[in-house]
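Trainee: The chain contents come next:
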Amino acid sequence: MAVTAAALGDTLESVVGRNYLISDPLRLTSYAVDGSVPRWVAAPGHVEEVGALLRLAFDERLAVVPRGTGERMELGNLPGRVDLVLDCSRLSAEVAYEPDDLTITVRAGLSLEALSARLAPRRQFLPLDPLVGSSRSLGGVVATNDSGPLRLRYGTARDLLLGVRFVQADGTVTFGGARVVKSVTGYDIPKLLVGSLGTLGILVELTLRLHPMVEAEAHWLVSFPSAERAGAFLAGIVDSALQPSRLELLNGEALIGLALPHAPAAVAVTVGSVPPAVRSQGEALLTLAARDGGEVRALPDGGLWRRLGRLLAGALLVKVVTAPALTAEMLSSVDELARGLGLRARVLAEAGDGVLHVALTGDLSPEQWERSVILPLRDWVGPEGGSVVVEAAPQPLKARLDVWGPIEPGVLAVMRRLKAEFDPRGILNPGRFVDRM
Amino acid sequence: MLTPEFLRELARIVGPAGVVATPEGRLTYECDMHTFYKGAPDAVALPTSAEQVGEVVRLCLREGIPVVPRGSGTGVIGGAMAPRGGVMVSTTRMTRTFEVDLLNRCATVEPGVINLQLTHAVKDRGYFFAPDPSSQMVCSIGGNCATNAGGPHCLKYGITVNHVLGLQVVTGAGELLWLGSKARERVGYDLTGVMVGSEGTLGIVTAVRVRLLHLPEAVKTILAVFSSVEDASETVSAIIAAGIIAAALECLDEPAIRAVEEGIGAGYPKGAGAVLLIELDGPRAEIEAQAEKIVEICRSHLALEIRVAQDEAERELLWKGRKGFAGAIGRLTRNWLLQDAVVPRSKLPQAIRALNAISARHRLLVAHVFHAGDGNLHPIICYDAEQPGELERAMQANEELLRACIAMGGSVTGEHGVGVDKAANLRLQYGEADLAFMARLRQVFDPTGIMNPGKLLPSHPACGETLSAVPPQSLPQGAWV
Numbered sequence: 001m002a003v004t005a006a007a008l009g010d011t012l013e014s015v016v017g018r019n020y021l022i023s024d025p026l027r028l029t030s031y032a033v034d035g036s037v038p039r040w041v042a043a044p045g046h047v048e049e050v051g052a053l054l055r056l057a058f059d060e061r062l063a064v065v066p067r068g069t070g071e072r073m074e075l076g077n078l079p080g081r082v083d084l085v086l087d088c089s090r091l092s093a094e095v096a097y098e099p100d101d102l103t104i105t106v107r108a109g110l111s112l113e114a115l116s117a118r119l120a121p122r123r124q125f126l127p128l129d130p131l132v133g134s135s136r137s138l139g140g141v142v143a144t145n146d147s148g149p150l151r152l153r154y155g156t157a158r159d160l161l162l163g164v165r166f167v168q169a170d171g172t173v174t175f176g177g178a179r180v181v182k183s184v185t186g187y188d189i190p191k192l193l194v195g196s197l198g199t200l201g202i203l204v205e206l207t208l209r210l211h212p213m214v215e216a217e218a219h220w221l222v223s224f225p226s227a228e229r230a231g232a233f234l235a236g237i238v239d240s241a242l243q244p245s246r247l248e249l250l251n252g253e254a255l256i257g258l259a260l261p262h263a264p265a266a267v268a269v270t271v272g273s274v275p276p277a278v279r280s281q282g283e284a285l286l287t288l289a290a291r292d293g294g295e296v297r298a299l300p301d302g303g304l305w306r307r308l309g310r311l312l313a314g315a316l317l318v319k320v321v322t323a324p325a326l327t328a329e330m331l332s333s334v335d336e337l338a339r340g341l342g343l344r345a346r347v348l349a350e351a352g353d354g355v356l357h358v359a360l361t362g363d364l365s366p367e368q369w370e371r372s373v374i375l376p377l378r379d380w381v382g383p384e385g386g387s388v389v390v391e392a393a394p395q396p397l398k399a400r401l402d403v404w405g406p407i408e409p410g411v412l413a414v415m416r417r418l419k420a421e422f423d424p425r426g427i428l429n430p431g432r433f434v435d436r437m
Numbered sequence: 001m002l003t004p005e006f007l008r009e010l011a012r013i014v015g016p017a018g019v020v021a022t023p024e025g026r027l028t029y030e031c032d033m034h035t036f037y038k039g040a041p042d043a044v045a046l047p048t049s050a051e052q053v054g055e056v057v058r059l060c061l062r063e064g065i066p067v068v069p070r071g072s073g074t075g076v077i078g079g080a081m082a083p084r085g086g087v088m089v090s091t092t093r094m095t096r097t098f099e100v101d102l103l104n105r106c107a108t109v110e111p112g113v114i115n116l117q118l119t120h121a122v123k124d125r126g127y128f129f130a131p132d133p134s135s136q137m138v139c140s141i142g143g144n145c146a147t148n149a150g151g152p153h154c155l156k157y158g159i160t161v162n163h164v165l166g167l168q169v170v171t172g173a174g175e176l177l178w179l180g181s182k183a184r185e186r187v188g189y190d191l192t193g194v195m196v197g198s199e200g201t202l203g204i205v206t207a208v209r210v211r212l213l214h215l216p217e218a219v220k221t222i223l224a225v226f227s228s229v230e231d232a233s234e235t236v237s238a239i240i241a242a243g244i245i246a247a248a249l250e251c252l253d254e255p256a257i258r259a260v261e262e263g264i265g266a267g268y269p270k271g272a273g274a275v276l277l278i279e280l281d282g283p284r285a286e287i288e289a290q291a292e293k294i295v296e297i298c299r300s301h302l303a304l305e306i307r308v309a310q311d312e313a314e315r316e317l318l319w320k321g322r323k324g325f326a327g328a329i330g331r332l333t334r335n336w337l338l339q340d341a342v343v344p345r346s347k348l349p350q351a352i353r354a355l356n357a358i359s360a361r362h363r364l365l366v367a368h369v370f371h372a373g374d375g376n377l378h379p380i381i382c383y384d385a386e387q388p389g390e391l392e393r394a395m396q397a398n399e400e401l402l403r404a405c406i407a408m409g410g411s412v413t414g415e416h417g418v419g420v421d422k423a424a425n426l427r428l429q430y431g432e433a434d435l436a437f438m439a440r441l442r443q444v445f446d447p448t449g450i451m452n453p454g455k456l457l458p459s460h461p462a463c464g465e466t467l468s469a470v471p472p473q474s475l476p477q478g479a480w481v
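First to last, the protein sequences are chains A and B. Numbering of the first sequence is given in our numbering, commencing with residue 1 and proceeding in unit increments. Numbering of the second sequence is given in our numbering, commencing with residue 1 and proceeding in unit increments.
Rather than coming from a laboratory, the hints here were simulated on the basis of the structure. In this text the structure is predicted, and so the values were computed from the model without any measurement. Certain hints may be false.
[What the hints assert, rightly or not] Quick list of in silico lysine to any residue cross-link-like pairs, SDA-like style, CA-CA up to 25 Å:
#, chain 1, residue 1, chain 2, residue 2
1, B, 156, A, 232
2, B, 156, A, 124
3, B, 156, A, 55
4, B, 293, A, 98
5, B, 220, B, 175
6, B, 320, B, 334
7, B, 293, B, 332
8, B, 156, A, 217
9, B, 220, A, 276
10, B, 293, A, 407
11, B, 293, A, 17
12, B, 123, A, 232
13, B, 320, B, 263
14, B, 123, A, 100
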């Protein structure tokens with residue numbers, strides 16, 4: 001059993017090969033997680049190597065932090081310790097694509113855009129569209145349960161992940177779920193792992209449900225004189241047989257950021273179907289818009305959707321989840337709060353799901369951010385069982401609070417028992433998950 | 001056996017009217033729709049609130065008595081019977097609807113609310129609860145959660161877990177917890193997702209917050225007739241390859257059609273090799289275009305006849321045939337075994353051929369009724385228990401059928417669940433490490449192992465239970481497929 005750092009490094013190197021272990025301090029700094037620089041970065045090329053790395057980490061009690069492309073490494077509480085960053089980007093092979101079954105099995109390091117390119121010739125796609133990062137790895141997207149506007153029609157990773165191969169804390173390679181679209185054989189392990197940030201196991205292989213591409217798509221931007229009117233429009237759409245693929249509510253600052261005509265609020269809509277159905281639904285939307293005082297602008301293509309992510313860059317990023325019917329109201333409240341504090345708040349909301357992405361810029365101290373912004377937001381969503389997650393923030397703010405927010409103690413207790421059962425030595429992404437587990 | 005003190009305590013919690021402890025009374029709870037697996041509980045408790053459920057579980061925890069949850073008892077996996085005795089907790093008196101919140105498209109109900117009644121309660125307002133198992137006139141929402149029930153329309157809409165926003169549960173550790181909320185996302189681990197489909201082994205569901213969907217603008221139901229199940233299966237593959245996600249794609253073969261027509265008279269063409277019951281729903285313009293394409297595909301795949309339901313009455317009759325099928329099978333055979341295996345849908349024709357070869361080899365009739373759209377087969381192996389050797393051949397065929405499906409990359413069960421019926425079969429699909437992970441998961445929620453013991457996971461051979469002969473399985477009239 002290796003005991004010295006050098007010996008550990010040698011052992012790690014013997015697993016992945018010299019070219020795939022970083023131990024040079026200069027190079028390691030670019031792999032820092034919220035300021036914590038790891039001791040090593042290992043990039044396994046095979047599932048067996050992941051197993052071997054974790055067995056070693058388990059034996060030596062090394063804190064392991066999984067990494068896909070590294071674009072959302074900041075999501076989570078400040079890490080307890082970072083010994084080994086597990087770079088999964090080499091695990092990108094396609095294992096089995098079954099177009100006639102609308103399923104695909106891939107290694108977790110494959111990126112969304114590479115997958116998309118693979119599926120497009122067969123006119124199929126995976127409807128996972130996080131606002132930031134089509135270059136992200138599937139494992140990263142699933143481990144963080146990231147999602148975007150298409151969740152309205154297609155669901156999130158929770159609904160799209162059919163089967164998962166993962167490596168437990170002690171290096172055991174384990175499978176859960178199935179490779180077919182319908183299965184209730186045993187416990188739903190994929191559900192347990194979605195959004196778990198690698199804290200119960202490291203994802204190495206994913207079986208995903210695919211969808212056929214729609215024949216045609218049309219996009220509209222509908223501007224409103226107030227968030228309230230936008231809310232009425234949204235309610236009208238939701239309480240109808242219309243089937244939009246995307247329904248995004250934007251605030252005034254978001255429109256400014258996109259160089260779109262100014263309005264207090266606007267709704268961007270996509271309808272995807274056969275051309276006659278796109279037309280008829282478009283007409284229905286126009287009727288609803290007129291009723292609620294909306295000004296409709298047909299967009300030439302779906303380019304707007306690709307630009308949304310940029311609005312969220314470089315700011316304090318907060319994800320507010322509330323009851324869907326309260327989305328417009330929450331947007332108003334955020335606008336008002338920001339105004340009162342001299343902040344700029346850009347808000348993009350998946351209105352059908354009650355998910356608001358709030359990008360805040362302004363000059364507040366960490367204490368002010370916490371007291372005047374985060375806590376009031378958490379108060380507002382509390383009664384409906386919503387949440388406020390601080391997804392990106394400067395370290396001094398992250399040091400002050402739990403980025404995930406409170407969880408009912410009884411429920412948290414069960415989550416802690418799960419963590420304790422599957423990661424008894426606390427080596428999988430320690431400190432980063434809810435309640436700093 | 002339960003002591004008089006225990007029974008008194010039980011009566012104190014749920015009221016004397018809420019306890020069934022007589023021998024005759026307990027016998028009526030000795031099995032679910034899978035009548036072979038019998039196990040009468042030592043007592044049945046019928047609580048009327050989540051708090052009462054919590055107290056009952058905690059009482060059983062203190063005394064080390066097993067707890068067996070039971071909804072409407074319509075399961076077909078031997079899940080709701082008590083092989084080790086204990087207290088059966090029936091949810092039939094928990095039938096309140098706490099809230100219907102259409103603005104947020106959800107409703108909160110007690111577990112004893114009947115599936116179809118939930119949809120009927122919101123239908124006039126234009127909403128429905130999507131999971132539609134064939135037993136939906138009788139099965140409970142709690143039961144749907146426990147088995148993660150499906151139904152024909154889950155092809156398009158997903159299964160129960162995709163329609164549960166949150167659950168209130170009493171865990172095997174006796175905790176009363178609300179998991180999830182109206183919000184479409186929660187921080188932390190997806191405990192709701194793990195609880196759904198856990199078949200009462202992790203806890204008892206005491207309330208469910210379900211997701212409601214808006215009714216589609218239009219519905220179109222088509223019956224396509226073929227001379228063989230292979231032709232029908234190839235057609236299904238072609239429909240999916242054309243990028244059409246139908247709301248339902250159901251297939252029945254010749255023996256099944258015969259049974260349906262003799263028993264129900266749904267207008268299926270007797271003598272046809274197979275029929276495909278196809279349903280489309282959504283925006284009218286969309287389904288019209290899809291229907292046109294489907295008719296084209298059916299024709300180019302040797303459909304003998306294509307019939308489009310002209311009105312709601314015709315549509316209902318077509319569905320009555322499908323959903324009432326299991327009740328009609330008695331016309332074909334005295335006894336039967338039922339599988340619920342899933343194969344990748346591209347392998348459907350291959351699977352059907354393999355299944356037919358197996359049944360021919362064992363000289364048994366196998367009828368096919370299945371959710372063709374998602375590869376969920378329901379082979380019904382017909383036998384006569386009174387004929388010597390037929391049961392054994394049926395059991396053999398049953399086992400071979402399942403192995404064949406798993407070998408094609410399938411899954412042991414698509415919607416019925418595991419219960420006791422399929423617990424041993426999990427080893428065909430999962431390795432020891434995978435099963436060990438599941439066992440540890442179970443222990444987190446149920447540290448002392450009182451929740452529905454003996455269900456869902458295979459017993460370890462070292463525990464002294466035999467994994468040998470699969471016991472004979474018979475389903476009575478009125479069971480749902």
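Trainee: Compare the structure with each hint and give your call.
Mentor: Hints, one by one, checked against the model:
1. 156(B) to 232(A): Between residue 156(B) and residue 232(A) the Cα gap is close to 29 Å, so the pair fails against 25 Å, i.e. violated.
2. 156(B) to 124(A): Since the Cα atoms of residue 156(B) and residue 124(A) sit roughly 16 Å apart, the hinted pair holds (cutoff 25 Å).
3. 156(B) to 55(A): Violated, because 42 Å separates the two Cα atoms, which is more than 25 Å.
4. 293(B) to 98(A): Holds, at about 22 Å.
5. 220(B) to 175(B): violated, 46 Å
6. 320(B) to 334(B): Satisfied, since the Cα-Cα distance of roughly 22 Å is no more than 25 Å.
7. 293(B) to 332(B): Not OK: residue 293(B) and residue 332(B) at ~35 Å, beyond 25 Å, violated.
8. 156(B) to 217(A): holds, 20 Å
9. 220(B) to 276(A): holds, 17 Å
10. 293(B) to 407(A): violated, 50 Å
11. 293(B) to 17(A): Violated, at about 54 Å.
12. 123(B) to 232(A): Status holds; Cα separation ~23 Å.
13. 320(B) to 263(B): Between residue 320(B) and residue 263(B) the Cα gap is close to 11 Å, so the pair holds against 25 Å.
14. 123(B) to 100(A): violated, 35 Å
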